[in-house]
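2 protein chains.
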Amino acid sequence: MPESWVNSAERIGADLHLELSGPGGRRAALIRALREAVRSGRLPAGTRLPPYRSLAADLGVARNTVADAYAELVAEGWLTARQGSGTRVAERAAPPRGHARVPTRGPGRVRGPRHDLRQGAPDASAFPRAAWAASYRRALQQAPSEVFGPGDPAGRIELREALAEYLARARGVRAEPDRIVVCSGFAHALRPLFGGGVLRGPLAVEAYGLGFHRELLAAAGVRTVPLPLDEHGARVDRLTRERAVLLTPAHQFPTGGPLHPARRAAVIDWARARGGLVLEDDYDGEFRYDRKPVGALQGLDPERVIHVGSVSKSLSLAVRLGWMVLPERYVDGVLAAKGDREAWASVLDQLGLADFVVSGSYDRHVRRMRQRYRDRRDRLVAALAERAPHVEVTGVAAGLHAVLRLPPGTERSAVGAAARRGIALDGLAGFRHPDTDMPAHDGLVVGYATPPEHAYGAALEALCEALAPGGESGGHPAEPAACASPGP
Amino acid sequence: MPESWVNSAERIGADLHLELSGPGGRRAALIRALREAVRSGRLPAGTRLPPYRSLAADLGVARNTVADAYAELVAEGWLTARQGSGTRVAERAAPPRGHARVPTRGPGRVRGPRHDLRQGAPDASAFPRAAWAASYRRALQQAPSEVFGPGDPAGRIELREALAEYLARARGVRAEPDRIVVCSGFAHALRPLFGGGVLRGPLAVEAYGLGFHRELLAAAGVRTVPLPLDEHGARVDRLTRERAVLLTPAHQFPTGGPLHPARRAAVIDWARARGGLVLEDDYDGEFRYDRKPVGALQGLDPERVIHVGSVSKSLSLAVRLGWMVLPERYVDGVLAAKGDREAWASVLDQLGLADFVVSGSYDRHVRRMRQRYRDRRDRLVAALAERAPHVEVTGVAAGLHAVLRLPPGTERSAVGAAARRGIALDGLAGFRHPDTDMPAHDGLVVGYATPPEHAYGAALEALCEALAPGGESGGHPAEPAACASPGP
Numbered sequence: 001m002p003e004s005w006v007n008s009a010e011r012i013g014a015d016l017h018l019e020l021s022g023p024g025g026r027r028a029a030l031i032r033a034l035r036e037a038v039r040s041g042r043l044p045a046g047t048r049l050p051p052y053r054s055l056a057a058d059l060g061v062a063r064n065t066v067a068d069a070y071a072e073l074v075a076e077g078w079l080t081a082r083q084g085s086g087t088r089v090a091e092r093a094a095p096p097r098g099h100a101r102v103p104t105r106g107p108g109r110v111r112g113p114r115h116d117l118r119q120g121a122p123d124a125s126a127f128p129r130a131a132w133a134a135s136y137r138r139a140l141q142q143a144p145s146e147v148f149g150p151g152d153p154a155g156r157i158e159l160r161e162a163l164a165e166y167l168a169r170a171r172g173v174r175a176e177p178d179r180i181v182v183c184s185g186f187a188h189a190l191r192p193l194f195g196g197g198v199l200r201g202p203l204a205v206e207a208y209g210l211g212f213h214r215e216l217l218a219a220a221g222v223r224t225v226p227l228p229l230d231e232h233g234a235r236v237d238r239l240t241r242e243r244a245v246l247l248t249p250a251h252q253f254p255t256g257g258p259l260h261p262a263r264r265a266a267v268i269d270w271a272r273a274r275g276g277l278v279l280e281d282d283y284d285g286e287f288r289y290d291r292k293p294v295g296a297l298q299g300l301d302p303e304r305v306i307h308v309g310s311v312s313k314s315l316s317l318a319v320r321l322g323w324m325v326l327p328e329r330y331v332d333g334v335l336a337a338k339g340d341r342e343a344w345a346s347v348l349d350q351l352g353l354a355d356f357v358v359s360g361s362y363d364r365h366v367r368r369m370r371q372r373y374r375d376r377r378d379r380l381v382a383a384l385a386e387r388a389p390h391v392e393v394t395g396v397a398a399g400l401h402a403v404l405r406l407p408p409g410t411e412r413s414a415v416g417a418a419a420r421r422g423i424a425l426d427g428l429a430g431f432r433h434p435d436t437d438m439p440a441h442d443g444l445v446v447g448y449a450t451p452p453e454h455a456y457g458a459a460l461e462a463l464c465e466a467l468a469p470g471g472e473s474g475g476h477p478a479e480p481a482a483c484a485s486p487g488p
Numbered sequence: 001m002p003e004s005w006v007n008s009a010e011r012i013g014a015d016l017h018l019e020l021s022g023p024g025g026r027r028a029a030l031i032r033a034l035r036e037a038v039r040s041g042r043l044p045a046g047t048r049l050p051p052y053r054s055l056a057a058d059l060g061v062a063r064n065t066v067a068d069a070y071a072e073l074v075a076e077g078w079l080t081a082r083q084g085s086g087t088r089v090a091e092r093a094a095p096p097r098g099h100a101r102v103p104t105r106g107p108g109r110v111r112g113p114r115h116d117l118r119q120g121a122p123d124a125s126a127f128p129r130a131a132w133a134a135s136y137r138r139a140l141q142q143a144p145s146e147v148f149g150p151g152d153p154a155g156r157i158e159l160r161e162a163l164a165e166y167l168a169r170a171r172g173v174r175a176e177p178d179r180i181v182v183c184s185g186f187a188h189a190l191r192p193l194f195g196g197g198v199l200r201g202p203l204a205v206e207a208y209g210l211g212f213h214r215e216l217l218a219a220a221g222v223r224t225v226p227l228p229l230d231e232h233g234a235r236v237d238r239l240t241r242e243r244a245v246l247l248t249p250a251h252q253f254p255t256g257g258p259l260h261p262a263r264r265a266a267v268i269d270w271a272r273a274r275g276g277l278v279l280e281d282d283y284d285g286e287f288r289y290d291r292k293p294v295g296a297l298q299g300l301d302p303e304r305v306i307h308v309g310s311v312s313k314s315l316s317l318a319v320r321l322g323w324m325v326l327p328e329r330y331v332d333g334v335l336a337a338k339g340d341r342e343a344w345a346s347v348l349d350q351l352g353l354a355d356f357v358v359s360g361s362y363d364r365h366v367r368r369m370r371q372r373y374r375d376r377r378d379r380l381v382a383a384l385a386e387r388a389p390h391v392e393v394t395g396v397a398a399g400l401h402a403v404l405r406l407p408p409g410t411e412r413s414a415v416g417a418a419a420r421r422g423i424a425l426d427g428l429a430g431f432r433h434p435d436t437d438m439p440a441h442d443g444l445v446v447g448y449a450t451p452p453e454h455a456y457g458a459a460l461e462a463l464c465e466a467l468a469p470g471g472e473s474g475g476h477p478a479e480p481a482a483c484a485s486p487g488p
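Read top to bottom, the protein sequences are chains A and B. Residue numbers for the first sequence follow our numbering, so the first one is 1 and each next one is one higher. Residue numbers for the second sequence follow our numbering, so the first one is 1 and each next one is one higher.
Just so you know, the hints here were simulated from the structure itself, not pulled from any lab data. Check before you lean on any hint, since a few could be wrong.
When chains are identical, the list treats them as one kind, so a pair holds in a single copy or across two.
Below are the DMTMM-like pairs computed for lysine to aspartate or glutamate, each with C-alpha atoms no more than 25 Å apart in a straight line [said to hold, decoys possible]: (1) Lys292 with Glu231; (2) Lys292 with Glu19; (3) Lys292 with Asp58; (4) Lys292 with Asp269; (5) Lys292 with Asp332; (6) Lys292 with Asp437.
Whole structure, please, built from the sequences with the hints as guidance.
Okay, structure coming up:
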């Protein structure tokens, strides 16, 4: 990295901060400043210094002053000068220790698990780089200048129009661009909703859910009250004095069932009767594999439901974009709470995503990934049926994860057996609300979307081994190739 | 926009959310679902429906079922079918009112001021689109897959390395990548610093500063205590029991002077003696025009100063990226407060910026803008000297704004005179801390960087007219062309 900066520094005359002060004239001051910059490690060994002319112009001194200072420091051994390679900081001038660069926390030092089956992330190797780059470039070329000025806290109109179209068509959301507020994801949506007083606690939540969300809410001073789950989803009949309820109606997270149609109707009735609000986390609504898609709850009553979604599952966590579709009466309050000056979400990514949706690239990508994840889920179900028949895959065929129901009391040992085979995954216990009194279930949450395509077979094989009856000793007679096969 | 979606829908088979339920078989259910989607406005007039095959595959029904349903709805007048143009929603099928799309808050409806001289934004028309697009594309092509997975809350290592190099070289910051935490700007930095308990109030601030920051701090429950300003900057000798102080040492915002070297030393002494911290907002440090650059205060003591910067002034508000350079002992606390899962800042923009810095494009752009803003400031000074000699331009030649000192009691009328000429700008009063007892100054804060290049002359001319002696009646005899000339 220093090398490439250095190359350009020569060409363009890089910025170099030097303060010329103290006794003895400009030349002496420049020598002192350069020496100090090298000694402190600010200019590492090998750094190429700007050409005389460039530095002289920056500092308002004569070129000869710079040339003299460089020559003096070369003589002292701080710098080296070589024909065609300019003036550089000498190797031996580098500070021996203390100021040396600390080794970084870079990807090279972090060793991930051998088999990553944690839920929450799509296959990172499947990011549609070419199509995304094309959308981004096109959007950047066509953008009016005002894009680069202070933004609309609601988000770019291009993206809100594209999302309105898409969410209506693909998710059954009743969305106009003016009801949509762009954010950087679900967690970011919680801030203006609760911080701005649009929503107030206590908030009813599903008894199993994302601990990360509960922590965020607790940090914001919002008390959460767990609703038990049964085979029809959250027991919304238990709602009483809460002001709002957070639900994952399309695909309960993490247990995997959709909210029963009667419950969908009941929660809307509750909201209308009590002046309550439903916060709909539509985190993986695009991924349903059994041809029984469940539309957004918001479609039942746009004035009682806040619909929240993002591209975290459909595209990547790296594109930090999400959206809220709000009841009309809350739009101004949310925008005020979000703040005029802080749109947070990258405006350029917003334009890129608008183009990505409008051009059809988003549909194409979702379709491709839907097929891929459906195949992976099928392989998981088939392999477990053969190799670990005591493990039940629960929930509907949807999403990026499956829950494996385990015999009571075996969850912890199963997570341990998986860990010993290099598999990272979560047990159900971590998703359970601490205050719920519903019976606990033992289970594993398997994020089958997470590994890259080439690594999925090995991860599945390792999982089958860890879960095979007779423990993890590998004594089961089944054909090991069943897990690693390319699937039906 | 519907047209372009429609084109791609035909090609790829767009996603269309339809729930088939109720009595009478699949065909009847599909007809009901489509009719309802049109009636509710979810499928607007003119929308092209997916081809039979594509929709049939999605719903798990026979192609003929879809063909029959389409034909029935064409017969009923809900859809139209034309050779080569597919099946579309009929124009007359659109809902007459109520469900019609609300007009949007788009850029077309918002009329900005004729002359925008508000501070805070660089010239939006000068965004380096081609160079930025090249960096982004290169970064996207070269990125390892893990980029698209869950991110490091500290930010991408590529960007932290590039910033460490740049900030050391250009701003005199003592920065290692491991001390840098990427954020989306100064306001975003405040959250983990205060919310996470790394910093606690009360916080001393400069008596003149950004009201937006004071509001954010107040919302976070942090009390701010104003320090008076004099000709040497903030009166840091007034610090007593505060735990931390927020300063703009390179270029006091908005009054425009640098913190005197003796004060710089004094505030570090205070921090060491009292265990205090300095929060350095280096908002426009790259832009100094008089060859007397002031390095970052952080260079004096990296363990006592938190250095915060961003690209908001140097590049664009649309690239929402900033950084904190932290004392080593606070890094873990800030990362914990920031949260593992929420990096907020776009990871792809982070990679783009890393390439932009390393390739030298950032230096080139800063240099080009420095020259442009220097010229604009010179023109402002020259024009006012001739046309409104009673108005004094204060502060050093630096930054993206200037403060025009006005005779006592005239600020409000000057802002009004400017507004009547279509000029948006701020008076000094709005930046004053409500609790300060230092004497108030009348003045205007002129953001000379904000207008596009072609519009600056006219804005300057209008400003001269508004400020000319004898009021705004235009009775001043000076040559009007002086303001609008292309400068020295």
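Hint check:
no., hint, result
1, Lys292 with Glu231, "within (17 Å within a copy, 72 Å between copies)"
2, Lys292 with Glu19, "between (69 Å within a copy, 7 Å between copies)"
3, Lys292 with Asp58, "between (67 Å within a copy, 9 Å between copies)"
4, Lys292 with Asp269, "within (24 Å within a copy, 68 Å between copies)"
5, Lys292 with Asp332, "neither (36 Å within a copy, 46 Å between copies)"
6, Lys292 with Asp437, "neither (32 Å within a copy, 68 Å between copies)"
Hints 5 and 6 from the earlier list are contradicted by this structure; the remaining hints agree with it.
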